[in-house]
Amino acid sequence: DAGVTQSPTHLIKTRGQQVTLRCSPKSGHDTVSWYQQALGQGPQFIFQYYEEEERQRGNFPDRFSGHQFPNYSSELNVNALLLGDSALYLCASSLVGYEQFFGPGTRLTVL
Amino acid sequence: AQSVTQLDSQVPVFEEAPVELRCNYSSSVSVYLFWYVQYPNQGLQLLLKYLSGSTLVKGINGFEAEFNKSQTSFHLRKPSVHISDTAEYFCAVSDRKSGGYQKVTFGIGTKLQVIP
Numbered sequence: 001d002a003g004v005t006q007s008p009t010h011l012i013k014t015r016g017q018q019v020t021l022r023c024s025p026k027s028g029h030d031t032v033s034w035y036q037q038a039l040g041q042g043p044q045f046i047f048q049y050y051e052e053e054e055r056q057r058g059n060f061p062d063r064f065s066g067h068q069f070p071n072y073s074s075e076l077n078v079n080a081l082l083l084g085d086s087a088l089y090l091c092a093s094s095l096v097g098y099e100q101f102f103g104p105g106t107r108l109t110v111l
Numbered sequence: 001a002q003s004v005t006q007l008d009s010q011v012p013v014f015e016e017a018p019v020e021l022r023c024n025y026s027s028s029v030s031v032y033l034f035w036y037v038q039y040p041n042q043g044l045q046l047l048l049k050y051l052s053g054s055t056l057v058k059g060i061n062g063f064e065a066e067f068n069k070s071q072t073s074f075h076l077r078k079p080s081v082h083i084s085d086t087a088e089y090f091c092a093v094s095d096r097k098s099g100g101y102q103k104v105t106f107g108i109g110t111k112l113q114v115i116p
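Chains A and B, in that order, give the protein sequences. At position 48 of the first sequence (counting the first as 1) the number is 48 in my numbering, and the numbers step up by one without a gap. At position 57 of the second sequence (counting the first as 1) the number is 57 in my numbering, and the numbers step up by one without a gap.
Quick caveat, the hints were computed from the structure, so don't treat them as lab data. Careful: at least some of the hints might be erroneous.
[As the list claims (entries may be wrong)] Residues from chain A shown here face chain B by an in silico Cβ test under 10 Å; the list is partial: (1) Gln17; (2) Thr31; (3) Gln41.
[Unchecked claim] Ranges of calculated distance between the beta carbons of each label pair, as one might list FRET restraints: (4) Glu20(B) with Leu39(A): 35 to 45 Å; (5) Gln10(B) with Ser65(A): 29 to 39 Å; (6) Leu82(A) with Thr5(B): 19 to 29 Å.
C-beta atoms are modelled at their ideal positions from N, C-alpha and C, and glycine is treated no differently.
Here chain B stands alone, though its shape is the one from the complex (with noise of 0.2 Å):
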């Protein structure tokens, strides 16, 4: 079984100041690990995945997230953010054997709030 911590429920930031969300996970297999953004009253759109390769993912808007096998973490940072970041992220991770994308164990949520 998986399991996903996000370790922060809320994180307050000023705009165009850096933020890291954090993320660790529990598996006793190999794992694919996504970030996924959910505006208010909005379904999950997938910011960045990783699947295999380079440790270091590029995603959309500006986001990357580094993966850390041997501390099972999958932090999503942004050097910048904006007011438009405002919104509830989600890690979540799927296991290898199911077959990757189908069966995703999501973390609670961490809200951030950018600060004009």
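Bound-form chain A, shown alone (with noise of 0.2 Å):
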């Protein structure tokens, strides 16, 4: 049973380019989450997917949003990007209200 996957692994864009991040959940698991590891921090909540629809959101600007497709599947957009972005990019997915289980991340180097 394959985990958490995401893609790409490593990802390098220069100031004002938008990236597109993506996670397939763990089998069976129809919710994913989306955190921002910055260097040194831990992870901070970016927001959360169910029914392909956002149901919560953390304190990140409107450059970041996100979609899950009806397999379940999510893409974490992010426009505009600034260097401050520059961040280890970790996906989780569960079933709705019980434990998340996270993918190794996407590292995003913004330029």
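Combine the two chains into a complex, taking the hints into account.
Here it is as structure tokens:
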């Protein structure tokens, strides 16, 4: 059983560009959450998707948006990239109300 | 709003010695508590969780934690560490009202360095 997978593993962008990160949840899971982990920090909650809708959101600007597809996979989009968006982006999947399982993350570098 | 304070950013400890990683939380509502481990270049793995019941929680890899409501603490302990325990450890909290696991607030992490 594959766990949570994320793509790509690494990504380099320049300021002002847009980026899309992808996440495939663990088999049987219907909920996907996204977290940003800056260097030396703990993960910060961005938002959570369930039934293709954003259900909860953390303190992130509207430049951060997402989507969940009917097969429960998810995308995180970040527009107008800033240097401060450089981080490890973690996806976690779960059955709603149950334990979250984390993927290995996508390392985004903004130059 | 919740917050988590991990009191030590780095903890060096000799192999086979005991270790305690400290965590305090703040919340206006009842909470669920978690400890996660992150090995280099990997995602997070759940070590243990407190949902209700016994305040002493046992997890994987020989770790345990004790929930102390009066002190709002959830310290992680292991009686004898191994080289393979070298990693970063995150304490996390989620309020019961939001559905438990749904919006998790993490501390900044404690780097455990096991010295041979």
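Here's how the hints hold up against the structure:
For Gln17(A), the shortest C-beta to C-beta distance to chain B is roughly 24 Å, which exceeds 10 Å, and the interface hint is violated. Against a cut-off of 10 Å between C-beta atoms, the interface hint on Thr31(A) holds, since the closest Cβ of chain B lies about 8 Å away. Interface restraint check for Gln41(A): the shortest CB-CB distance to chain B comes to about 6 Å, inside 10 Å, so the restraint holds. The hint said 35 to 45 Å for the Cβ distance between Glu20(B) and Leu39(A), and at roughly 26 Å that hint is violated.
In this structure the hint that Gln10(B) and Ser65(A) lie 29 to 39 Å apart at CB holds, the actual value being about 36 Å. Here the CB-CB span from Leu82(A) to Thr5(B) is close to 28 Å, well matched to the stated 19 to 29 Å.
When each numbered hint is compared with the structure, violations occur for hints 1, 4.
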